[in-house]
Amino acid sequence: MLPKIKTESFLNGAGLKIRLNAPKGNVLDSIMLESLAAALQKAGQNPHIKCIVFQGTGDHFSFGASVEEHTKANAPRMLRQFHGLFYQLMDLAIPAVALISGQCLGGGFELALACDFLFADKTAVCGQPEIRLGVFAPPASLLLPYRIGQQKADQLLLSGDSIQADKLKALDLAGKIYPDRPTMEAEVTAWLEKTLIPKSSSSLKCAVRASRWQLNRILREGLPDLEELYIHDLMETGDANEGIQAFLERRKPKWRNS
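Each residue of the sequence shown is one higher than the last, beginning at 0 in numbering that gives the first Met the number 0.
Source of the hints: derived by calculation from the structure; they are not laboratory data.
Each hint should be verified, as a subset may be incorrect.
Said to hold, decoys possible - For lysine-lysine, the following DSS-like pairs were computed, each having C-alpha atoms within a straight-line distance of at most 30 Å:
#: 1; residue 1: K5; residue 2: K253
#: 2; residue 1: K168; residue 2: K204
#: 3; residue 1: K41; residue 2: K16
#: 4; residue 1: K23; residue 2: K198
#: 5; residue 1: K121; residue 2: K168
#: 6; residue 1: K151; residue 2: K251
#: 7; residue 1: K204; residue 2: K41
#: 8; residue 1: K204; residue 2: K23
#: 9; residue 1: K175; residue 2: K151
#: 10; residue 1: K16; residue 2: K166
#: 11; residue 1: K204; residue 2: K193
#: 12; residue 1: K16; residue 2: K5
#: 13; residue 1: K168; residue 2: K16
#: 14; residue 1: K151; residue 2: K5
#: 15; residue 1: K166; residue 2: K151
#: 16; residue 1: K23; residue 2: K5
#: 17; residue 1: K151; residue 2: K193
#: 18; residue 1: K168; residue 2: K198
#: 19; residue 1: K5; residue 2: K41
#: 20; residue 1: K23; residue 2: K71
#: 21; residue 1: K198; residue 2: K151
#: 22; residue 1: K41; residue 2: K198
#: 23; residue 1: K16; residue 2: K121
#: 24; residue 1: K253; residue 2: K71
#: 25; residue 1: K16; residue 2: K253
Source: prediction; values computed, not measured.
Hey, can you work out the whole structure from these sequences and the hints?
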């Protein structure tokens with residue numbers, strides 16, 4: 000079995016690349032989440048790391064979290080494990096970068112949104128399709144309104160529609176759109192080498208905590224509440240369970256509006 004993530008030191012040890020490594024979809028299942036948590040913990044023990052870069056192996060960043068692990072019985076554990084990544088990133092305060100190619104959906108898009116910098120190539124397609132399964136996206140419900148405003152966030156969260164690379168740039172979600180993956184990788188690496196690597200790692204961490212003070216407070220206060228809403232309200236409805244089951248059975252859901 001392939002390792003669910005691949006890590007690589009670059010920029011003379013000042014950078015860490017973390018590749019989601021379960022193509023084609025790089026689904027964020029419990030094994031991958033466990034591997035990501037371990038990699039982040041190890042990164043926190045290295046005072047020389049000044050940036051963490053997330054990327055997907057293959058054509059896509061990630062199709063999102065495992066739908067099989069969204070069932071009522073598994074949802075509490077899945078949410079705690081997934082949300083743990085966001086708390087880790089906040090605690091680490093190491094500048095994080097997402098490089099997006101192909102589909103970046105659901106939990107994959109939430110991971111990218113949690114990064115300090117997001118770059119994409121022209122193949123990028125991003126979105127939060129959870130509502131189509133009868134559920135919602137807790138981290139994105141906090142991150143998107145903060146980053147693009149409530150109205151635009153509602154359009155994504157309540158429609159489940161995806162957006163192309165040019166829309167990512169128009170919404171100021173992506174710093175730059177590149178013509179292809181190799182160009183993106185080369186130019187972002189050069190940008191990191193020029194912009195972040197000359198800085199003090201300890202000063203960068205303080206600067207990240209300062210610049211993200213408000214956002215981090217929103218996440219720390221909001222995620223537990225939305226986790227409760229998901230587990231104790233949403234998953235007690237018939238439609239949320241029907242939506243997940245219909246997806247797993249590859250059929251259209253039959254909503255009962257309750």
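Now for the hints, and whether the structure bears them out:
1. Note on K5 and K253: the hinted pairing is violated, with a Cα-Cα distance of about 40 Å set against a maximum of 30 Å.
2. Proximity of K168 to K204 is assessed by CA-CA distance (about 26 Å); at most 30 Å being required, the pair is judged to hold.
3. Straight-line distance between C-alpha atoms of K41 and K16 comes to about 13 Å, which keeps the hinted pair within the 30 Å bound.
4. With a CA separation close to 36 Å, the supplied pair K23 and K198 exceeds the 30 Å bound.
5. Restraint check for K121 and K168: the C-alpha separation of about 11 Å stays at or below 30 Å, so the hint holds.
6. Distance restraint check for K151 and K251: the Cα-Cα separation of roughly 27 Å lies within the 30 Å cut-off, and the hinted pair is therefore satisfied.
7. Between K204 and K41 the alpha-carbon distance is near 16 Å, which keeps this suggested pair within the 30 Å criterion.
8. With a C-alpha separation of about 34 Å, the suggested pair K204 and K23 falls outside the 30 Å cut-off, and the hint is violated.
9. For the given pair, K175 sits about 20 Å from K151 by alpha-carbon distance, which is consistent with the 30 Å threshold.
10. Pair hint K16 plus K166 holds up; C-alpha atoms about 26 Å apart against a cutoff of 30 Å.
11. For the given pair, K204 sits about 18 Å from K193 by alpha-carbon distance, which is consistent with the 30 Å threshold.
12. Simply put, K16 and K5 have alpha-carbon atoms about 8 Å apart, close enough for the 30 Å limit, and the pair holds.
13. With a CA separation close to 23 Å, the supplied pair K168 and K16 stays within the 30 Å bound.
14. This hinted pair does not check out: K151 and K5 have alpha carbons roughly 34 Å apart, beyond 30 Å.
15. Distance check on the hinted pair: K166 and K151 sit about 11 Å apart at the alpha-carbon level, within 30 Å; holds.
16. Between K23 and K5 the alpha-carbon distance is near 15 Å, which keeps this suggested pair within the 30 Å criterion.
17. At roughly 33 Å between alpha-carbon atoms, K151 and K193 are farther apart than 30 Å, so this suggested pair is violated.
18. Between K168 and K198, the direct Cα distance comes to roughly 27 Å. Compliance with the 30 Å bound is thereby established for this hinted pair.
19. For the hint pairing K5 with K41, the CA-to-CA distance comes to about 13 Å; that is within 30 Å, so the pair holds.
20. Between the alpha carbons of K23 and K71 the distance comes to roughly 26 Å, so the proposed pair stays at or under 30 Å and holds.
21. Distance hint between K198 and K151 is unfulfilled; the C-alpha atoms sit about 35 Å from each other, more than 30 Å.
22. At roughly 21 Å between alpha-carbon atoms, K41 and K198 fall within 30 Å of each other, so this suggested pair holds.
23. Annotation: proposed proximity of K16 to K121 holds, straight-line Cα distance about 21 Å (limit 30 Å).
24. For the hint pairing K253 with K71, the CA-to-CA distance comes to about 18 Å; that is within 30 Å, so the pair holds.
25. Between K16 and K253 the CA atoms are separated by roughly 42 Å; this puts the pair beyond 30 Å, and the hint is violated.
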